[in-house]
Every structure is written in C-alpha cells, then in structure tokens.
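J.: Next come the chains, spelled out residue by residue.
2 protein chains.
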Amino acid sequence: MIDVDRAKEIILNEISPLKKKERLNFFSCLNRISAQDVKAKENIPPFNNSAMDGFAVRANDLIGASRKSPKILEVIEDLPAGYVAKKSIKAGQAIRIMTGAPMPKGADAVVMVEETRSRNDTVEIYKEIKVGENVRYAGEDVKKGKVVIKKGSLLKSGHIGMLASLGASKVKVFKRPKVAILATGDELVNVDERLGPGKIRNSNAYSLYSQVVKTGAIPILLGIARDKKADLKTKIKKGLSADMLLISGGISVGKYDYVKDVLKGLGLEMKFWRVAMRPGKPLAFGIIKRTPVFGLPGNPVSSMVSFEVFVKPAIFKMLGRKTDGAKEVKAAIKEEIIKKKGLRYFLRAKTAWQNEAYVTKTTGPQGSGQLKSMAIANSLIILPEKEERMEKGRMVTVRFLD
Amino acid sequence: MIDVDRAKEIILNEISPLKKKERLNFFSCLNRISAQDVKAKENIPPFNNSAMDGFAVRANDLIGASRKSPKILEVIEDLPAGYVAKKSIKAGQAIRIMTGAPMPKGADAVVMVEETRSRNDTVEIYKEIKVGENVRYAGEDVKKGKVVIKKGSLLKSGHIGMLASLGASKVKVFKRPKVAILATGDELVNVDERLGPGKIRNSNAYSLYSQVVKTGAIPILLGIARDKKADLKTKIKKGLSADMLLISGGISVGKYDYVKDVLKGLGLEMKFWRVAMRPGKPLAFGIIKRTPVFGLPGNPVSSMVSFEVFVKPAIFKMLGRKTDGAKEVKAAIKEEIIKKKGLRYFLRAKTAWQNEAYVTKTTGPQGSGQLKSMAIANSLIILPEKEERMEKGRMVTVRFLD
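Respectively, the protein sequence lines represent chains U and C. For the first sequence, my numbering begins at 2 and goes up steadily by one. For the second sequence, my numbering begins at 2 and goes up steadily by one.
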C-alpha cells in the first residue's frame with residue numbers, strides 16, 4: 002500500500018501530453034489547448050482611432066477653452082466608423098468623429114461630444130485637452146509580430162475574441178485524449194434492464210463518463226464485461242486502442258476478480274494496486290503497451306473520488322494543461338471529525354464563502370456506496386494521514402469539485 | 002444613467018425561466034437543469050449486501066473469537082457478486098462472500114477476509130464482530146419513493162451516476178435558451194476578410210458566442226448588420242425568434258447609430274440605456290414582444306464585462322439555475338487603485354490563493370479596447386461607486402471568470 006502523493010507521482014511520471022494536433026475553426030477552439038504560438042499578423046487596433054463619439058481636433062487649438070470662453074472650431078467633415086476622412090485638419094478645424102473611426106490627418110486628440118455644442122458648421126468646445134486624449138493608438142492592445150497566445154494555453158472566451166481580431170480563422174490545438182471506460186462484474190445490468198435478484202445497475206460507467214466529459218477529454222463507453230476471462234480480454238483489448246483505459250470494479254483481493262489476471266496476460270506492468278486513502282483504497286494503476294490503465298474501485302463514491310484525485314490530473318497532463326485541475330483552499334470545518342490514522346480521507350462536503358472566509362461541512366454519511374452525498378457535494382475535505390481527530394473549527398484543505 | 006444593481010434588478014424582473022422541456026437520455030443531461038422531481042423507483046442498494054470481500058456469518062457464533070482462540074466455522078458456499086446464495090447459514094456456518102453480493106439468509110455480519118484464514122472447508126476467524134458490520138442495507142443510500150433529484154437541480158456527474166443506479170434512462174430537463182448574437186457596424190469585416198482602410202474584424206460576436214456556450218445556452222450567430230436601417234431591421238427581426246437577442250455595438254450617442262431607431266420601430270420597450278460602470282457604460286436593455294434585447298457596447302472588453310455582469314445572470318435565470326453564476330470572494334489588492342467616484346469599476350485581474358487567503362492584481366492597462374488583459378484575467382475586481390482611492394492591501398470583492 003502506498004500513499005496518495007506517491008501514487009499520484011507514479012501516475013504522472015508515466016503520462017505525457019498527447020502530441021497529436023488538429024487544425025480547427027477558431028471558434029471551435031474554446032476550452033481547447035493551443036498547440037502553437039499564435040503571432041499577431043497585424044496590430045490591434047490596426048490604426049489610430051477615436052475612443053469616443055466626439056470631435057477630432059488639434060489639442061493646440063483648445064488651449065484656454067472653458068465653459069466661460071469656449072473655443073469655436075469649423076467642422077469640415079462627418080466621419081463614421083469604418084471610413085477614412087477625406088480631408089485633413091488644419092488650425093481652427095475639427096471633424097465630427099464616431100467611436101472606432103480612424104483619426105483624421107492633422108488631429109491629435111478627440112473631445113467627447115458631451116463637452117461640446119454643435120452650431121451649424123461649427124462646434125463650441127468647453128474644455129482644454131491633452132494630445133492623445135481619447136485616442137486609441139495602433140498596436141496599443143497587441144503589437145504586430147508579438148506572440149499573443151502561447152503554445153499550451155487554455156483557450157477562453159477572451160482568446161477566441163482575440164483570434165477573431167487577428168484574423169486567425171484556423172488554429173492548431175492538441176487533440177483531446179480518448180478515455181475508454183469498461184464496467185466489470187456479473188452483478189451489473191444495464192440502466193434500462195430489469196433488476197434480477199442480486200443485481201445492481203451499472204452506474205459507475207456513467208459517473209465516470211460525466212467526469213471525463215468535464216475534463217474536456219472524449220469518453221468511450223465499452224459496456225459491461227462479465228467475470229469471464231474471454232469477455233474481459235476482448236473488451237480490455239478494445240479499450241487499449243484509446244489513450245487511457247478506466248476499468249471499473251474487479252481489482253481487489255476477491256477470489257472472483259479475474260481482471261488482474263487478464264491484465265497481466267495482456268502484458269500489464271502493474272505500478273501499484275492499493276493506496277492509503279479512504280474512500281478509494283483498492284486502486285490499481287499500470288501500463289499495457291504504453292496505454293495507462295486505471296483499475297478503479299467498484300464502489301460508486303470511491304470510483305468518483307479516485308477519478309478526482311488520480312485520473313483527472315492524468316487527463317489534464319495528457320491534454321497539455323498546465324494545472325492538475327485541483328482547486329484547493331483552506332476552510333474551517335463545522336463539525337468534529339474522527340478518522341483512522343495512516344489513511345488520507347476525502348470527505349464529501351459543502352463548502353461556502355461566509356463572512357470573508359470559507360467554511361465546510363460534510364454532506365452526511367460517508368459510506369463509500371452513498372452516491373447521494375457525492376451528488377450534493379461541491380467539494381472534498383482532505384484530511385492528512387497523521388491526524389486522528391479534527392476538532393470543530395479546525396482549518397482543513399478543501400478541494401472544489403466541478 | 003442608473004446604477005449596476007438597479008440595472009440588474011430591472012433585467013432579472015423581465016426574465017422568466019424557460020418552461021419548454023425535453024426528454025433526454027440520462028447521460029446527455031450532464032450540466033442540464035432537471036425539469037422534474039426524480040423519484041427513486043427502487044432502493045439503492047436494492048438489497049442487503051456485503052461491503053467487503055470476506056465471510057458472511059452470524060455474529061453470535063464469533064463471541065469470544067481472538068487471535069489466540071479463533072472460532073472455526075464451516076464454509077458451506079462461495080458467493081460471488083451478482084448471485085444469490087443457494088443455502089442459508091445455520092449456527093457454526095459461514096459463506097465466502099464477495100463485495101456487493103447479497104447477504105445470505107441467516108447471516109447478519111461480514112468478516113473481512115484479512116481477519117480470517119481458510120482451511121479446506123472451514124475458516125478460522127480471529128475477531129468478534131457486531132451485528133450489521135460490513136453490511137450495506139437495502140435503501141441505505143436512497144429509499145424507494147423518495148425524491149432524489151429536485152426539479153431545478155443542476156445535474157452533475159454524481160447525479161448522472163445516481164440516475165443510472167435508479168434505472169432512470171430518460172429524464173426531463175429544461176430546454177436551453179437560444180441566444181442570438183448580432184454584430185453591427187460598417188467598420189466590421191469578417192474574420193477571414195482582408196482589413197481595408199478604417200476597418201476592424203468582427204471579434205465581439207465570437208467572444209460573446211464563447212461566453213454563451215460557457216453558460217450552457219445555445220448561441221446563434223446572425224452575422225454583421227451594416228449601418229443601414231433595412232439591413233439592421235431584417236437581421237434584428239431574425240434574432241427576435243430566439244429567446245434572447247444580443248446586439249453588439251451601435252447603441253450610443255453617436256449620430257450614425259441607427260440601431261436604437263430600428264429597435265423602436267420594431268416595438269422596443271427600452272428599460273435603460275446607460276449604466277454607471279466602467280467599462281460598459283453604454284449598455285441598453287429592453288423588450289420587443291417578450292424577447293429581451295441587450296445592446297452591448299462595441300468595445301471588446303466592455304462587451305465581455307457587460308455579458309458577465311448582466312447577460313450571464315439573465316441566461317442563468319432563463320436556464321432555471323438557482324444562482325446567478327457570480328462566484329465572488331474577498332481578496333487583498335496588491336497595488337493602489339485610483340478610480341472615478343460614482344462609477345462601479347470592474348478591473349480585469351489575476352486572483353490567486355496564497356498563504357490561506359486570496360490576493361489579486363490587475364492584468365495591466367485597463368483601456369476598454371484591451372482584449373489581451375481580458376484573455377489573461379481569471380477574475381474581475383469590483384470596486385464600489387463611492388470609492389476614489391483603494392490603497393494597496395485593501396480587501397476588495399473579486400468575481401471569478403470561467
């Protein structure tokens with residue numbers, strides 16, 4: 002039995018980011034990882050332009066302007082956004098300009114319309130202005146030639162907008178890993194089947210499916226393998242063509258657990274198969290011909306927690322993400338918790354921000370079968386191996402779930 | 002000009018949750034909102050079963066058992082998961098049982114395999130046991146007839162697993178709102194077009210598209226409407242068949258902004274059109290024949306911030322979500338910030354958890370054109386209207402972005 006940190010280290014050591022790339026329409030790249038440095042082929046904005054609706058002027062002409070003694074300028078043109086001024090501004094002149102329109106030649110600032118009054122072909126201006134005021138300069142946001150999105154970046158809404166601005170209509174992103182999911186056990190029936198005596202429904206495959214979807218990887222459901230070597234072998238082989246294989250149930254000390262045997266027959270290099278944690282102890286990890294294989298516990302909650310603690314970071318690494326996906330904070334526990342020394346505990350909890358700090362409370366009975374407590378939790382309380390009793394009010398580490 | 006809170010209140014007052022429902026395969030319901038109370042048609046687990054690999058016994062038979070004087074029981078059957086014991090246990094007997102297998106008749110506890118030693122047809126047991134130990138009782142997780150998922154719940158991975166356990170293969174969820182997005186302006190060209198003089202690329206439609214995707218609603222891109230009444234009218238009309246219409250640009254004091262006129266011609270009931278905030282001041286909101294219409298600022302950052310502050314809560318309400326999507330905490334600012342009194346500021350920032358508290362720092366120049374600072378931000382610093390100077394170290398409200 003190894004500890005949680007060592008188990009995670011072993012797993013991450015065996016996993017490399019996928020190198021396969023694909024070129025997609027830029028707006029299909031949301032939530033994907035850039036597989037290229039994106040360079041600006043143009044300045045953003047592409048030209049000096051007005052930040053306001055108002056009047057393009059020469060700042061020099063307005064020295065001394067005020068409510069009491071406004072300056073009067075001749076308005077020589079109207080300039081909407083999207084067009085270029087035909088005339089250039091000379092002393093005593095102005096051009097009526099819309100937000101985003103290119104600065105006319107000769108103008109060096111823009112007066113907001115609110116500080117002016119138009120009269121026929123002239124405008125009264127009530128305020129001095131500094132050179133450059135209300136002007137957005139070419140390249141102010143992004144300079145041509147600069148890398149604006151680094152390889153490995155997670156592409157968010159702002160990036161998609163930026164790709165549009167830059168005319169980057171196609172972008173190379175990393176392919177998403179395929180994660181195969183196999184449920185095992187003679188006790189399992191499909192969701193829409195009748196429950197015979199001694200049978201339960203296959204639920205783990207679907208919570209794992211959902212957890213995989215949430216990471217951004219592609220889940221592949223392989224169905225249920227019966228506790229027969231031939232069936233297990235066929236379905237596991239199928240799963241090995243994916244980038245990662247999750248096997249739910251079947252890896253424990255039990256006499257009827259053939260999975261380990263079958264995996265060994267297929268060339269499994271077993272890295273570990275028990276972790277000092279609760280829930281989730283019977284967790285196996287190994288490699289078959291470069292494909293990482295997780296043997297996840299059959300208990301519904303253990304399965305979900307093991308995914309969160311081990312599989313998600315592995316998928317994040319495959320995706321090329323820079324984080325392991327764990328969002329952790331400190332919170333005060335609202336109840337006393339007694340635990341077994343030597344195991345790291347992961348308790349389903351509700352964590353909330355209250356009075357400028359986090360507080361956390363377990364979601365009820367923590368039996369590893371109790372999916373209800375997992376469904377209503379928004380977080381896991383993580384309790385260290387060395388502790389036996391955590392008194393009410395103690396600060397503990399909390400990991401947020403999606 | 003109205004303040005941010007009042008603007009949000011006006012918007013949310015005009016919006017009701019969509020009532021349209023659809024019945025989907027349960028595992029397509031991830032991230033959707035349940036439109037029904039889901040009742041358990043069965044117990045989970047459906048029968049009393051073993052929580053361990055070990056031996057099903059009568060606790061009475063083991064009184065006094067210890068390492069020194071083990072009790073010896075006759076093993077009368079092997080019971081894998083998925084099957085029902087053929088025999089029932091009498092005094093002095095045990096059944097070898099696997100995790101998840103139904104408790105045999107006569108047995109009232111399970112001894113872990115680790116506390117036993119098998120010898121031919123008998124087993125030595127080294128420990129006393131309590132009635133019910135290592136037994137999971139029928140209905141322990143979910144009682145038949147109980148509501149396990151309430152109408153209005155956001156369906157997460159744990160819920161999907163629970164729906165599978167319950168055999169709920171189809172679930173009614175609320176339909177996702179369709180959000181139409183229209184860009185406006187003669188200055189805009191499409192992403193893959195050449196930039197002529199005075200032109201910029203349509204980027205707001207795509208950051209809004211991405212922001213809509215993130216909320217779980219369905220974005221519909223209507224393209225670019227030119228600054229001509231006829232074109233605007235045709236495209237806006239198209240947008241009114243959606244559940245919500247976002248119009249990017251065109252609603253300001255400018256002479257060339259026809260959008261407002263066209264909207265009024267179509268029967269717009271304008272609720273407000275300026276908000277005391279920075280960025281995002283020129284924000285309009287109204288209703289045309291029951292369809293809520295947002296006039297969003299043309300500046301890329303103002304557009305994204307307005308979406309976050311006003312459109313996202315509106316979509317969340319339409320989706321039937323119980324929260325408005327704002328995840329806010331308090332953080333210490335790492336720099337002094339000077340602001341204009343009377344406006345609420347939303348500054349792009351990076352917020353991190355450090356030494357058991359949040360700290361936050363702006364992502365650089367906060368001009369409303371600067372999409373780069375938005376792309377790298379993970380949060381917005383929210384500064385109240387009444388403040389003018391926020392000194393370094395001051396606790397401020399921070400809202401996390403997706």
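It cannot be assumed that every hint is accurate.
Pairs involving identical chains hold if they fit within one copy or between any two copies, as the list cannot separate such chains.
Dumping the calculated PhoX-like pairs for lysine-lysine here, alpha-carbon to alpha-carbon at most 25 angstroms [unchecked claim]:
id	residue 1	residue 2
1	Lys331	Lys351
2	Lys387	Lys282
3	Lys88	Lys234
4	Lys229	Lys152
5	Lys362	Lys323
6	Lys22	Lys313
Simulated from the structure, these hints should not be mistaken for laboratory data.
J.: Indicate, hint by hint, whether the structure satisfies it.
T.: Quick rundown of the hints versus the structure:
When the C-alpha separation of Lys331 and Lys351 is checked against a cutoff of 25 angstroms, the pair qualifies both within a copy, at 13 angstroms, and between copies, at 19 angstroms. Only within a single protomer do Lys387 and Lys282 lie at most 25 angstroms apart by alpha-carbon distance; the minimum there is 17 angstroms, versus 54 angstroms between protomers. For a Cα distance limit of 25 angstroms, the shortest separation of Lys88 from Lys234 qualifies neither inside one copy, at 79 angstroms, nor across copies, at 32 angstroms. With identical chains, the CA atoms of Lys229 and Lys152 are never at most 25 angstroms apart, being 46 angstroms at best within one copy and 41 angstroms at best between copies.
Taking the shortest Cα distances, Lys362 and Lys323 sit within 25 angstroms of each other only across copies (20 angstroms), while inside one copy they are farther apart (30 angstroms). In the homo-oligomer, the alpha carbons of Lys22 and Lys313 lie at most 25 angstroms apart inside one protomer (21 angstroms), although the nearest pairing across protomers, at 32 angstroms, exceeds that limit.
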